[in-house]
Amino acid sequence: MSSESIALSTVGDARPIGERLHDWVITVDHKKLGILYIVYGLIFLIIGGIEATIMRIQLIVPHNHFVSPEVFNRMFTMHGTTMIFFVVMPILFGFGTYLIPLMIGARDMAFPRLNAFSFWMTAFGGVLLYFSFIGGNGLYGAGNAPDVGWFAYAPLTARAFSPGHSTDFWTLALLVSGVGSIGTAVNFIATILCMRCPGMTLGKMPLLVWLNLIMGGMLILAISPLTAAQIMLSIDRYLGGHFFDTQAGGSAALWMHFFWIFGHPEVYILVVPAFAFASEIIPVFSRKPIFGYPVMVAATICIGFISFSVWAHHMFTIGMSSYGNTFFTVTSMIIAVPTGIKIFNWLGTMWGGKIHFKAPMLFCIGFLFQFLIAGLTGIMLATSPFDWQLGNSYFVVAHFHYVIAGAILFTIFGAFYYWYPKASGRMYNETLAKWHFWLFIIGFHLTFDFMHIPGILGMPRRIYTYEPGRGWEIWNLIVTIGVFFQIAGVLAFVANLLWSLWKGETAGNDPWDAWTLEWSTSSPPPDYDFAATPVVQSRRPLWDLKHPEDPDWKYE
Amino acid sequence: MKGHGQTRILGRNKAGIAVWLIGALLAAPLCCAAPTDPSQIPNIFAPQSTPAHSIFRLSLLVLAITGAIFAVVFSLLAYSVTKFRKRVDDDGREPPQVYGSNQVELAWTVIPILIVLVLFLATARVIHSIQDAPQPPRAIEVIAIGHQFWWEFRYPALGVVTANELHVPVSNSSSSTPTFLTLLSADTDHSFWVPRLAGKTDLIPNRVNHTWIDPEQTGIYLGQCAQYCGVQHAKMLLRVYVDSPEQFNHWVEEQKKPAVASDAVVEGRRIFESTACVNCHAVSGTIADGHFGPDLTHLMSRDTIASGAASNTAENLRAWIQEPDAIKPGSLMPPMQLNKKDMDALTAYLLTLR
Chain A
2 MSSESIALST VGDARPIGER LHDWVITVDH KKLGILYIVY GLIFLIIGGI EATIMRIQLI
62 VPHNHFVSPE VFNRMFTMHG TTMIFFVVMP ILFGFGTYLI PLMIGARDMA FPRLNAFSFW
122 MTAFGGVLLY FSFIGGNGLY GAGNAPDVGW FAYAPLTARA FSPGHSTDFW TLALLVSGVG
182 SIGTAVNFIA TILCMRCPGM TLGKMPLLVW LNLIMGGMLI LAISPLTAAQ IMLSIDRYLG
242 GHFFDTQAGG SAALWMHFFW IFGHPEVYIL VVPAFAFASE IIPVFSRKPI FGYPVMVAAT
302 ICIGFISFSV WAHHMFTIGM SSYGNTFFTV TSMIIAVPTG IKIFNWLGTM WGGKIHFKAP
362 MLFCIGFLFQ FLIAGLTGIM LATSPFDWQL GNSYFVVAHF HYVIAGAILF TIFGAFYYWY
422 PKASGRMYNE TLAKWHFWLF IIGFHLTFDF MHIPGILGMP RRIYTYEPGR GWEIWNLIVT
482 IGVFFQIAGV LAFVANLLWS LWKGETAGND PWDAWTLEWS TSSPPPDYDF AATPVVQSRR
542 PLWDLKHPED PDWKYE
Chain B
6 MKGHGQTRIL GRNKAGIAVW LIGALLAAPL CCAAPTDPSQ IPNIFAPQST PAHSIFRLSL
66 LVLAITGAIF AVVFSLLAYS VTKFRKRVDD DGREPPQVYG SNQVELAWTV IPILIVLVLF
126 LATARVIHSI QDAPQPPRAI EVIAIGHQFW WEFRYPALGV VTANELHVPV SNSSSSTPTF
186 LTLLSADTDH SFWVPRLAGK TDLIPNRVNH TWIDPEQTGI YLGQCAQYCG VQHAKMLLRV
246 YVDSPEQFNH WVEEQKKPAV ASDAVVEGRR IFESTACVNC HAVSGTIADG HFGPDLTHLM
306 SRDTIASGAA SNTAENLRAW IQEPDAIKPG SLMPPMQLNK KDMDALTAYL LTLR
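In the order they appear, the protein sequences are chains A and B.
All residue numbers for the first sequence refer to our numbering, where the first residue is 2 and numbers rise by one.
All residue numbers for the second sequence refer to our numbering, where the first residue is 6 and numbers rise by one.
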């Protein structure tokens, strides 16, 4: 593991290093597992980032020879799979695992051993995926990696088109990490429903807890079809099945349906915890309670349900009937309504507040701006005829990076800075954090604003090179330049995390003057989280303590 | 980012500087963009055919609505960030604690629903007009078959088979001859996308898809495969030649003729017929009847080879036959490894296939 996790366990611990590392391997403590998830995700963030950089260097000029087409195809497959399954999901699960018991006043998750099992399944899934670089061709020879794209459309995954074992590594990695995800979802739901401290009714849970509850429900429903599809694909490849084998009468569209009925809810599985971070950070740094708490919960539940009826908007170009296209157009547009409500409620929270521009808040403001644009380009793509032009072009790539990097990653960075003092006991360096923010947001906009344009000019995604003279050169150049700003930003981030661990100022229990239960215990929290089980009367128990003359419970 | 000073300035007046910065970034590349022939840019906003026009008009409505939403919400965000920031002379008191407002919530629920309704109705109309358009009797029928990594085009009514370069007649008020394509795939998924003519439609094995175009101006329209199909997805390029009715009829007549059999290149033809070429390629009037690769009966009537990856010249043909990976690494064409004499003869033969 990284030096960070070791250092975290080092604080006030004089035992030999081997013993302390052993602690991390056998731990069932939700805080340690949360940190393991997060550190694991950060390592893969660096790997996925390197893969993205290789692709962008290849595309900086037309007819470039930086990498071969085979390597490029492996890079985009691994980049997509890594970033979704082994970066964003583990980091979000890590925050959930760390924060949920602290926020509901519990001493651990409902099932600590299942918690450890889930983490190690996810971890082994990632290792299995990357083992394909050495073992992908099995006995055939040299190293390899999956090259079928992160949604692995049939029949490219059939053995006729993907010999060797690289596709099997992809299939098994997602199968194994999917088991971990299901375990996490079950654990989140059980913990939230059964372990809340006295007084914390469902209506008094922090929004982060509510949103993770909804995410858990979606996760169970969405991972199942993915797992089923992976098993069917393995049957096709090794047991003579023909589910997706078009040469023997199978259906390529069937795979698309299976994958996207997982794949679209998955987007919301990732973005709902990101909403959760924003819903905790924005109120604290605006010094106001969240605007319209019940509406925020209701809107998220709506998103959860509707997200299961929009999957075929990824398939507008496969030749569905006009009725099918019309149905998925309307469902995809309707989901913009609860999403819009959430944006308005965050704005309502900031309205009339006193906004403190610390790093967590800066990243959340970046999130609001980028998520607004991502939502609007999403409406363009939901308009199915417009999607016939924009779908599978660089416009789509720009759109979903706006969601995953511009919205989700930004709130993740915000969450890192917000809860870093709690988890480490030390403050991060605010100047370095602001450098991180500005470098990253400039790099982000250089890359992903200009990435929309080649899509409009007819550049499809997943091409390892392109023809000169089509008006794409200048945009690809700018897009690649932006990558280096983002790298600089991430370096500032990693440096900040590591440097502050040793040199940061002591944070104290409640550096942000915040209102939820995790800030009432010490930083870092003790093994047992709370010495005495807290009792709450409102959604902001620490506000009630700090303002006995004007407590929340009078108004809720 | 020049240092702490600038960070602090940005911190004070973020919105203004951010707007200025984004404006400058948008303007910069426009000034230094290399001159490119606009007709070669497959721009979805330069439509030349009815489906592309309908989509373009719809996209203007969508862009106007989303643009207006952006302007409103961004203004609210910028206003909140500047107006409600903590002041230097802050008194340290907490602002008034507001928990919500049902009227406001209702407003920002109902207004978006009305916007969605408008967008949806406009969209449903365009979906119907493009997808359910009846095929007129005068329409040209083409079967397009996607292969790793090239396009096969068959004109069943005209008896023509060609590859990678689709010829269609112009379709305007004086002669309305739209082209209706049936889309099939021989192996993996592909997608037929010529942005100036129509949106993309996938070619999926075991499935029959349809699309149509009615280009209103003659010329060459560029596109390429838009669904990842394997190693050389990037060089599965597509060219649509929109001909005048006379040019098109002439082209059809030429394509229907059997292959030229010239005595001067007998040796080349012998080499062609006695090597693996015939397993994959067809030339009418010879024993070559393969279907894995493009039909070569009128090879020299095409401007490009290797699905648009190289122009169709004698040198490129030689290079392609000798070592396809040099032009298109991962292409399914094997290197033929002929000696120089045989290669000269074979190339001379292929150059006669007009």
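Please keep in mind that the hints were generated in silico from the structure rather than gathered at the bench.
Treat the hints with care, as some may be off.
Stretch by stretch, here's where chain A covers chain B in the computed footprint (C-beta under 8 Å, at least three residues) [as the list claims (entries may be wrong)]:
{"#": "1", "region": "82-95"}
{"#": "2", "region": "235-242"}
{"#": "3", "region": "264-275"}
Calculated cross-link-like contacts (lysine-lysine; reagent style BS3-like; alpha-carbon spacing at most 27 Å) [stated by the list, open to error]:
{"#": "4", "chain 1": "A", "residue 1": "K359", "chain 2": "B", "residue 2": "K88"}
{"#": "5", "chain 1": "A", "residue 1": "K555", "chain 2": "A", "residue 2": "K359"}
{"#": "6", "chain 1": "A", "residue 1": "K355", "chain 2": "B", "residue 2": "K91"}
{"#": "7", "chain 1": "A", "residue 1": "K547", "chain 2": "B", "residue 2": "K261"}
Note that the coordinates shown come from a computational prediction; the quantities given were computed from them, not determined experimentally.
In this text, a Cβ means the ideal position worked out from N, Cα and C, and glycines have one as well.
Do the hints match the structure? See the list:
no. : hint              : verdict
1   : 82-95             : holds (count 8)
2   : 235-242           : holds (count 7)
3   : 264-275           : violated (count 0)
4   : A/K359 <-> B/K88  : 17 Å, holds
5   : A/K555 <-> A/K359 : 30 Å, violated
6   : A/K355 <-> B/K91  : 5 Å, holds
7   : A/K547 <-> B/K261 : 89 Å, violated
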